[in-house]
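Q: The chain contents come next:
8 protein chains.
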Amino acid sequence: MDLKEILISVKQGHLDIDTALSKLKTLPFEDIGYAKVDHHRSIRNGYPEVIYGEGKTDEQIAGIIEKMMEKGSNILATRIKKETYDYLKNIYPSIQYEELARIIKIENKKIEKVGKGKILVLTGGTCDIPVAEEAYHTAEFLGNDVEKIYDVGVAGIHRLFNNMDKIMSARVIIAVAGMEGALPSVVGGLVDVPVIAVPTSVGYGANFKGLSSLLTMLNSCASGISVVNIDNGFGAGYLASMINKL
Amino acid sequence: MDLKEILISVKQGHLDIDTALSKLKTLPFEDIGYAKVDHHRSIRNGYPEVIYGEGKTDEQIAGIIEKMMEKGSNILATRIKKETYDYLKNIYPSIQYEELARIIKIENKKIEKVGKGKILVLTGGTCDIPVAEEAYHTAEFLGNDVEKIYDVGVAGIHRLFNNMDKIMSARVIIAVAGMEGALPSVVGGLVDVPVIAVPTSVGYGANFKGLSSLLTMLNSCASGISVVNIDNGFGAGYLASMINKL
Amino acid sequence: MDLKEILISVKQGHLDIDTALSKLKTLPFEDIGYAKVDHHRSIRNGYPEVIYGEGKTDEQIAGIIEKMMEKGSNILATRIKKETYDYLKNIYPSIQYEELARIIKIENKKIEKVGKGKILVLTGGTCDIPVAEEAYHTAEFLGNDVEKIYDVGVAGIHRLFNNMDKIMSARVIIAVAGMEGALPSVVGGLVDVPVIAVPTSVGYGANFKGLSSLLTMLNSCASGISVVNIDNGFGAGYLASMINKL
Amino acid sequence: MDLKEILISVKQGHLDIDTALSKLKTLPFEDIGYAKVDHHRSIRNGYPEVIYGEGKTDEQIAGIIEKMMEKGSNILATRIKKETYDYLKNIYPSIQYEELARIIKIENKKIEKVGKGKILVLTGGTCDIPVAEEAYHTAEFLGNDVEKIYDVGVAGIHRLFNNMDKIMSARVIIAVAGMEGALPSVVGGLVDVPVIAVPTSVGYGANFKGLSSLLTMLNSCASGISVVNIDNGFGAGYLASMINKL
Amino acid sequence: MDLKEILISVKQGHLDIDTALSKLKTLPFEDIGYAKVDHHRSIRNGYPEVIYGEGKTDEQIAGIIEKMMEKGSNILATRIKKETYDYLKNIYPSIQYEELARIIKIENKKIEKVGKGKILVLTGGTCDIPVAEEAYHTAEFLGNDVEKIYDVGVAGIHRLFNNMDKIMSARVIIAVAGMEGALPSVVGGLVDVPVIAVPTSVGYGANFKGLSSLLTMLNSCASGISVVNIDNGFGAGYLASMINKL
Amino acid sequence: MDLKEILISVKQGHLDIDTALSKLKTLPFEDIGYAKVDHHRSIRNGYPEVIYGEGKTDEQIAGIIEKMMEKGSNILATRIKKETYDYLKNIYPSIQYEELARIIKIENKKIEKVGKGKILVLTGGTCDIPVAEEAYHTAEFLGNDVEKIYDVGVAGIHRLFNNMDKIMSARVIIAVAGMEGALPSVVGGLVDVPVIAVPTSVGYGANFKGLSSLLTMLNSCASGISVVNIDNGFGAGYLASMINKL
Amino acid sequence: MDLKEILISVKQGHLDIDTALSKLKTLPFEDIGYAKVDHHRSIRNGYPEVIYGEGKTDEQIAGIIEKMMEKGSNILATRIKKETYDYLKNIYPSIQYEELARIIKIENKKIEKVGKGKILVLTGGTCDIPVAEEAYHTAEFLGNDVEKIYDVGVAGIHRLFNNMDKIMSARVIIAVAGMEGALPSVVGGLVDVPVIAVPTSVGYGANFKGLSSLLTMLNSCASGISVVNIDNGFGAGYLASMINKL
Amino acid sequence: MDLKEILISVKQGHLDIDTALSKLKTLPFEDIGYAKVDHHRSIRNGYPEVIYGEGKTDEQIAGIIEKMMEKGSNILATRIKKETYDYLKNIYPSIQYEELARIIKIENKKIEKVGKGKILVLTGGTCDIPVAEEAYHTAEFLGNDVEKIYDVGVAGIHRLFNNMDKIMSARVIIAVAGMEGALPSVVGGLVDVPVIAVPTSVGYGANFKGLSSLLTMLNSCASGISVVNIDNGFGAGYLASMINKL
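Protein chains in written order, with my numbering: chain A, 1 to 246; chain B, 1001 to 1246; chain C, 2001 to 2246; chain D, 3001 to 3246; chain E, 4001 to 4246; chain F, 5001 to 5246; chain G, 6001 to 6246; chain H, 7001 to 7246.
Next up, chain A with everything else stripped away, as it sits in the complex (with noise of 0.2 Å):
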């Protein structure tokens, strides 16, 4: 019974009024209508259904699967091992792994694109690769037209130079960096487009896994900069599609 039968039965005598008051306050909040909370986003049409996939068994995540599978929606999982892809494909053999990036996709239907400009993914260095591969291929999945530039930290900045136009021509920039994390300060200071960047627990010594980096993308100098968590290419990928829809 939902909030309109509810009503509807007040309203036809079929309800008292301390009934309909007392079923109010139970009814599960979802039922009450505003849009946005009791539709979950990962439910609506076209968006992918996401599974985060560190910390779960081969069986659950295929049971999770099973489940969207239902709905026909299209699945993007991250964090899943090589192992993990192995299993799910024999069951799912529709399904696609990237390896570097850890992802797993299912294309149940034609992704739409909803980007309205390019998203360009750079890392400072080699090591880099996987989270922004992560960030590549979830706002890749997402709708998006991106791009990578990989290896161009500041270190060694004409390498950045020799990229201007491309650099000069995103929406969005995903800009991840470990090490001395640099690489977003200098990139913010060029480009007049929000910079999404994700620090990485690569490096050694007194980087203590990613905090530097952090930090150093924290405190940049630079307008226009906001920063993700250690690691977190999905979180960066899905951030800069949900600004290059608008």
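Simulated from the structure, these hints should not be mistaken for lab results. One should not assume that every hint holds.
Each computed SDA-like pair below joins lysine to any residue, with the alpha-carbon atoms no more than 20 Å apart [to be verified]:
hint: 1; chain 1: G; residue 1: Lys-6110; chain 2: G; residue 2: Leu-6100
hint: 2; chain 1: C; residue 1: Lys-2056; chain 2: B; residue 2: Ser-1201
hint: 3; chain 1: D; residue 1: Lys-3056; chain 2: D; residue 2: Gln-3096
hint: 4; chain 1: A; residue 1: Lys-56; chain 2: D; residue 2: Pro-3130
hint: 5; chain 1: E; residue 1: Lys-4056; chain 2: C; residue 2: Ser-2201
hint: 6; chain 1: E; residue 1: Lys-4082; chain 2: E; residue 2: Gln-4060
hint: 7; chain 1: E; residue 1: Lys-4166; chain 2: F; residue 2: Leu-5246
hint: 8; chain 1: D; residue 1: Lys-3056; chain 2: F; residue 2: Ile-5149
hint: 9; chain 1: C; residue 1: Lys-2081; chain 2: C; residue 2: Ser-2201
hint: 10; chain 1: D; residue 1: Lys-3245; chain 2: C; residue 2: Gly-2117
hint: 11; chain 1: C; residue 1: Lys-2166; chain 2: D; residue 2: Leu-3246
hint: 12; chain 1: H; residue 1: Lys-7004; chain 2: E; residue 2: Asn-4162
hint: 13; chain 1: C; residue 1: Lys-2004; chain 2: A; residue 2: Asp-16
hint: 14; chain 1: C; residue 1: Lys-2056; chain 2: B; residue 2: Asp-1151
hint: 15; chain 1: B; residue 1: Lys-1067; chain 2: H; residue 2: Asp-7151
hint: 16; chain 1: G; residue 1: Lys-6056; chain 2: A; residue 2: Lys-56
hint: 17; chain 1: G; residue 1: Lys-6116; chain 2: H; residue 2: Gly-7055
hint: 18; chain 1: H; residue 1: Lys-7110; chain 2: H; residue 2: Lys-7082
hint: 19; chain 1: H; residue 1: Lys-7082; chain 2: H; residue 2: Ile-7106
hint: 20; chain 1: B; residue 1: Lys-1056; chain 2: H; residue 2: Lys-7081
hint: 21; chain 1: A; residue 1: Lys-56; chain 2: D; residue 2: Gln-3096
hint: 22; chain 1: B; residue 1: Lys-1118; chain 2: B; residue 2: Ser-1169
Pulled a few chain G residues facing chain E out of the computed Cβ check, cut under 10 Å [unchecked claim]:
hint: 23; residue: Gly-6153
hint: 24; residue: Val-6154
hint: 25; residue: His-6158
hint: 26; residue: Leu-6160
hint: 27; residue: Met-6179
hint: 28; residue: Leu-6183
hint: 29; residue: Tyr-6204
hint: 30; residue: Asn-6219
hint: 31; residue: Cys-6221
Since the model is a prediction, treat every value here as computed from it, not as a measurement. Ideal placement from N, C-alpha and C gives every residue a C-beta, glycine not left out.
Given the coordinates of chain A, work out where chains B, C, D, E, F, G and H should sit on it, guided by the hints.
A: Coordinates of chains B, C, D, E, F, G and H only, in the frame set by chain A:
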């Protein structure tokens, strides 16, 4: 002698190739022609110039403003004490002061509305208001419709839900919070637009000058959230404006 | 128009279904009827209203008190400086000040004893007393019998044992300690009732503003201990009261 | 020769005063008679004995259980690996294993219901479940009605509101959360009963093995919340039980 | 009625067994007779009473001294400001002040030499002297021959070697150092006696208020070194004295 | 040619002044004659040689032992794995292994009792035993009477008091504790002898690999306590022995 | 078409001014002519190419080497496992492996001595040797005379003084140390040449993976010391070489 | 009686061997003859004496200067407040004050140019200037040509490139930066000379008093960079000078 003049001189034979080459190499970078590089954002039309007031003397700030006034652009200065405002007011009577935000504004020309939607600034508590005000006035001065709802922290979550309509109609949201810093997570789970999280140094004990709320925000489970530096209201307002222009 | 009125109007035909639906959706959340949601604790009978004084001006606090006075409820304000009290005293002569606890109390109606047993507040040293007093007066104002034993730290453990009877007869214990913060562990090993541990920022050197005692308390081997924020006497007093009502 | 015998011997003249004095001084502390000191909680009737399994060999645990079996009391062991359970099963066939909770239970006598109300265990995400299960089974084994609602984190807050009735009817709430750890704050703002917050080490990047959620919880704006150590489900279950007996 | 009186009363039949048992259980712990428990160190003959002055008002300190004066014992107070000394001087003219050490001394009876050898206090730099002086005067007042050599840090190691004879003849060494804190390691490698390392909060930048020197000292490769809290000159002097009595 | 020979040669005219000067300058430091400098502790009679086994291969350790055997001194090696012992046993059948302590001992001559009193090793819990055993066997091998009482942590303080006589009769106490690390504070408040506090990395959650207990111990209110590095049982045993010789 | 060609074409009239301007703007940065920008260090004559091996697969490293071999330059790769060397040895038989340093070298042309003096590598302990070896072989391969003295830590300072002549004759010193990390301070106080301090992650307990030695070195009182990242032997060797060329 | 005199006395028979041996052992270390040990840097001709002014009283500084004046050497004092300079000016009229650098200089003899090339001091922002000035004046006073370019941080990288010629012509570079601290990385990637990185405590929020820029610099990907302590301009200037003399 700028880039074009060099080329013309070469063409006309007034300049030999080697001298031209040498000139090109020593030519200030800004004359070479990468649009974004040689034209710093702040000197473009319509955009205000920004001064970071912390650690500058009254005289230094007055000096910088003087130079900026010559260009006729709008001027925004952050982290300005009341005494500094009083000092500057005597020199530039058109100056405006937002006391809570500690922001100075000089509007030499009418602010052009460049933002396409509404930016919403939320705070968890009343103590977060100064940082939120910095974000608010920054975004407004950069040409946006900005709305604010303060003191809607998660420990009294009905206050947040009372404002659901405003939250749902924003194009970009700035969520400012100290203490446990959970506001952006809850908001991020409700909306489909970018949420810029601003941790504040409000709190005591194990807050450790904002570290607690910073970590909370970086670790948010909600997608579409990114974080700026502790107490960095300006950065949030600037980024929100940049996104809202897209 | 509240929830019941809407239902009645629907029943009586004064309100059509769609308008009712729309009203329900925009009705302030507190009107929907989740008892705890729409009725904030502090506006209930008997319970004092609480103001967190830190970072508020004298005028702001006076303003908040003014509104609260209208409801006739009791008022508790924490983190109040002596000067603020002097200022408020002129406006509200019935105001009382606990100087050590930095707490202001206004008793508009007699405090009802809601606590079923005795709450005991212990401190490790004399420097922890201000935090303990905040806990003491909070719990007392919330309707509890509260007893206090100060300076019974573990480095002179006979002092603690001299008070064994009082310790054994408490229903809830608040153990406040800085420095090494070991008091809750020893007490927790002796009693069978909940121990609320409050680390204080008392100490020097490697105390790091209470971090040392906070970590000690979190790592306690004794069962039945939980921890509130550093110097958070109010939080401990409030929680102790909540438990003592059960 | 215990305390009473000494006194009797003195009275009967079999023991002179000085010898009696000397005996009293060297008498084991537990014989002096402070009820709570010489009788450790776990040896009382009805209460289970608890073993902390981490870092103990299978043989050691079996040895401890053997001694406990002699007393006929119920036995609870935490942090037990599956292999250890398999080993112990052969020796004590009546042993039960809660795999998610990693808890072993031996019920030598019927568990007596000592809790007066319901304890509710909540988690923010699915990854927090093992810690929550440790709390659940601990509280249940200690004689409480326990209910659990998992995966109701604040980033999808309608899930929490769908369970409002259960939340409102609990006498003590255990809120388990990793990542941003905001669940206890939201819950604490809704209810009037004690909330025990358990940070988990779930998360990545700037979670720093639970530090992020620990700090969030300590800094909660909601009153009535206290915190136990990271991943300390047992501690939360034990404390909840202690409160629920009051 | 103390322990002996109870026994006598029992023997004489003035007290029945059960009443005696009950009295024993509630008797203050200090009367039971564990020498070290019921007689706190500071109330023994010859030993000075110690007051930790930090955070106490002038009046409080005067009050504590007053009580101590009655017992006629020597009095030592640490962390005493010059103004406090001036205040106390008027009340107790026999008071002495060591300004650098911020220590007050009252010698009600002649200090007895209890130390068997020489205690040597070393500092790395001149800025460490106040902490060293606190150690020096504490050890001296506790009845030891104390010698001091200041500014012999490892960055000019010949200064240390110039004092080799004194270093070799000490029975206990206190090594006080800020900045890199390496002095105890070098000294510990030269001598065969206990070295008490005192980190100081002297330094700037990455010293982090003494953390740097604290960690250095804890990690010393030399054997025979132990560490007290940052800036804890008193603790080092006290421990050195305790060892020197052996 | 040592220092004396140079002087004799000069005296006899076999060596001219300048050559002698030059020789003196390049003479290995150990020949100059500062007793402590040129004679490293470990090569003296009666004292065992010590090897820190961590990070050394079996072959390296065997090689070091071989050299030491030639001098006929006793040998102690710490942090030795069982496999290493098995390997060494074949080469040096007289080798002994203390498995819990992970210590190897070779007794080439009878250990001389140099300690004047008893050293007592305490632990808070059973998990601290390996570190305590390292301290125990180190002190014993260095010629001391050592006694041990394990699992007497402050959360069940009667266990500690049951051993008061042993505690009171020790000349030096080593208190080993993980978790909250409060044992040294309580013990230090009871005795008049030096207490060496050893934090262990035992614990979980906010213990942060021993940081919690380290800070607790550094911040102890009790006098006469000093701290060695986390898990450094050897250092504690060595220092205790050094003090006990005095 | 490079910069010169553009100018020539303009001069000859084959290219109009606007097209030339446009070409200049998109011309890769390296063609503009800032010597240092467009010519990366590693592609110059005589200098080896450097590969950072960590996190690269055997195939990736082989691929990079293949490209480098074509240029005929010398090749240095750091952080290379033994297995990787075995793999590469089959492909490039001229490859050399320094096992302790985990460095691979290919000498396609004779190394030219570019260093003007001697570089000296010191370590505090034997565990620091792998890091020191990385520095040693890096500096040697870059064309320097390098000498090494290991295990001369400050806890046995005579070992250091025994090598005073070598220390005094170095032009640049690399001091590698873990644990307390005091070696650079002592050495820096003795010499008049630059000292490059390398903290290592050697140690246990409160060493915190090198943080302790890092902070020690940063806080050194001696002048002329600077610090590289924890365990960064390569960085130290490279910088020493750069200085030694001056 | 110095080393040579002892030898002569022995030769002449005025001193017997044993007395000579004893004298040698107690002879101040500096007389033994290790050139660098017995002659501290600062007492050599030409080199200025350096005073670290922090934490010294005006009188102490005046006293130290008085002694130094007697030797006629040049004097440099750092961390000197304006008031101290005013005080000293009256005593030593030849004293010079660099206000921004907070440095005092007394030039008793002409500064000799010992630097072989140019030292360049860069800053990221204007707030870093005081630290940079300390480096600048230190290096200049030590006999170097020093040039400075301020406010060329990476967030506006064209400013850096506009000064490429100066950057390319330096022999040693000091790069001073707060906030994200990325300047040394970018510069280090452009040049072939040593870069000394100086983190400053400039910034707010997650800068944590320079920790952010310190970590950034330690983690730099560029080779040839080393780091000094936060705000340690003097250390950078001194080291740069030491390198520039080579």
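Q: For each hint, tell me whether it holds in the structure or not.
A: Each hint tested on the structure:
1. Straight-line distance between C-alpha atoms of Lys-6110 (chain G) and Leu-6100 (chain G) comes to about 23 Å, which puts the hinted pair past the 20 Å bound.
2. The suggested pairing of Lys-2056 (chain C) with Ser-1201 (chain B) holds, with an alpha-carbon distance near 15 Å, which does not exceed 20 Å.
3. The suggested pairing of Lys-3056 (chain D) with Gln-3096 (chain D) holds, with an alpha-carbon distance near 19 Å, which does not exceed 20 Å.
4. Distance restraint check for Lys-56 (chain A) and Pro-3130 (chain D): the Cα-Cα separation of roughly 12 Å lies within the 20 Å cut-off, and the hinted pair is therefore satisfied.
5. A hinted pair counts as satisfied when its Cα atoms are at most 20 Å apart, and Lys-4056 (chain E) with Ser-2201 (chain C) qualifies at roughly 15 Å.
6. Distance hint between Lys-4082 (chain E) and Gln-4060 (chain E) is fulfilled; the C-alpha atoms sit about 16 Å from each other, no more than 20 Å.
7. Using a Cα cut-off of 20 Å, the hinted pair Lys-4166 (chain E) and Leu-5246 (chain F) holds, with the two alpha carbons roughly 18 Å apart.
8. Using a Cα cut-off of 20 Å, the hinted pair Lys-3056 (chain D) and Ile-5149 (chain F) holds, with the two alpha carbons roughly 19 Å apart.
9. Between Lys-2081 (chain C) and Ser-2201 (chain C) the CA atoms are separated by roughly 19 Å; this keeps the pair inside 20 Å, and the hint holds.
10. Simply put, Lys-3245 (chain D) and Gly-2117 (chain C) have alpha-carbon atoms about 13 Å apart, close enough for the 20 Å limit, and the pair holds.
11. This hinted pair checks out: Lys-2166 (chain C) and Leu-3246 (chain D) have alpha carbons roughly 18 Å apart, not beyond 20 Å.
12. With a CA separation close to 18 Å, the supplied pair Lys-7004 (chain H) and Asn-4162 (chain E) stays within the 20 Å bound.
13. A C-alpha spacing of about 11 Å is found between Lys-2004 (chain C) and Asp-16 (chain A), which places the hinted pair at or below 20 Å, so the restraint holds.
14. The straight-line distance between the Cα atoms of Lys-2056 (chain C) and Asp-1151 (chain B) is roughly 14 Å, inside the 20 Å bound, and the hint therefore holds.
15. Under the criterion of a C-alpha separation no larger than 20 Å, the hint pairing Lys-1067 (chain B) with Asp-7151 (chain H) is consistent with the structure, at around 17 Å.
16. With a CA separation close to 28 Å, the supplied pair Lys-6056 (chain G) and Lys-56 (chain A) exceeds the 20 Å bound.
17. Among the hinted pairs, Lys-6116 (chain G) with Gly-7055 (chain H) is inconsistent with the structure: their alpha-carbon atoms are about 41 Å apart, more than 20 Å.
18. Proposed proximity of Lys-7110 (chain H) and Lys-7082 (chain H) is contradicted: the alpha carbons are some 25 Å apart, above 20 Å.
19. Taken as a hint, the Lys-7082 (chain H) and Ile-7106 (chain H) pair is honoured in the structure, with Cα atoms around 16 Å apart against an allowance of 20 Å.
20. Straight-line distance between C-alpha atoms of Lys-1056 (chain B) and Lys-7081 (chain H) comes to about 19 Å, which keeps the hinted pair within the 20 Å bound.
21. The hinted pair formed by Lys-56 (chain A) and Gln-3096 (chain D) fails the criterion: a straight-line CA distance of about 25 Å is larger than 20 Å.
22. Taken as a hint, the Lys-1118 (chain B) and Ser-1169 (chain B) pair is honoured in the structure, with Cα atoms around 8 Å apart against an allowance of 20 Å.
23. For the restraint placing Gly-6153 (chain G) at the interface with chain E, the shortest Cβ-Cβ distance is roughly 6 Å, inside the 10 Å limit, so the hint holds.
24. At its closest, the beta carbon of Val-6154 (chain G) sits 5 Å from a beta carbon of chain E; the interface hint therefore holds under the 10 Å criterion.
25. The closest approach between the C-beta of His-6158 (chain G) and any C-beta of chain E is roughly 9 Å, which is under the 10 Å cut-off, so the hint is satisfied.
26. The interface hint given for Leu-6160 (chain G) holds, since its Cβ lies 9 Å from the closest Cβ of chain E, which is under the 10 Å cut-off.
27. Interface restraint check: Met-6179 (chain G) against chain E, minimum CB-CB distance 5 Å, threshold 10 Å, status holds.
28. For Leu-6183 (chain G), the interface hint holds, the least distance from its beta-carbon to any beta-carbon of chain E being 9 Å, beneath 10 Å.
29. The interface hint given for Tyr-6204 (chain G) holds, since its Cβ lies 9 Å from the closest Cβ of chain E, which is under the 10 Å cut-off.
30. The beta carbon of Asn-6219 (chain G) is positioned within 10 Å of a beta carbon in chain E (closest approach about 5 Å), and the interface hint is therefore held.
31. Annotation: Cys-6221 (chain G) was flagged as interfacial toward chain E, and the flag holds, the nearest CB pair being 4 Å apart, inside 10 Å.
Hints 1, 16, 17, 18, 21, counting from the list given before, are not met by this structure.
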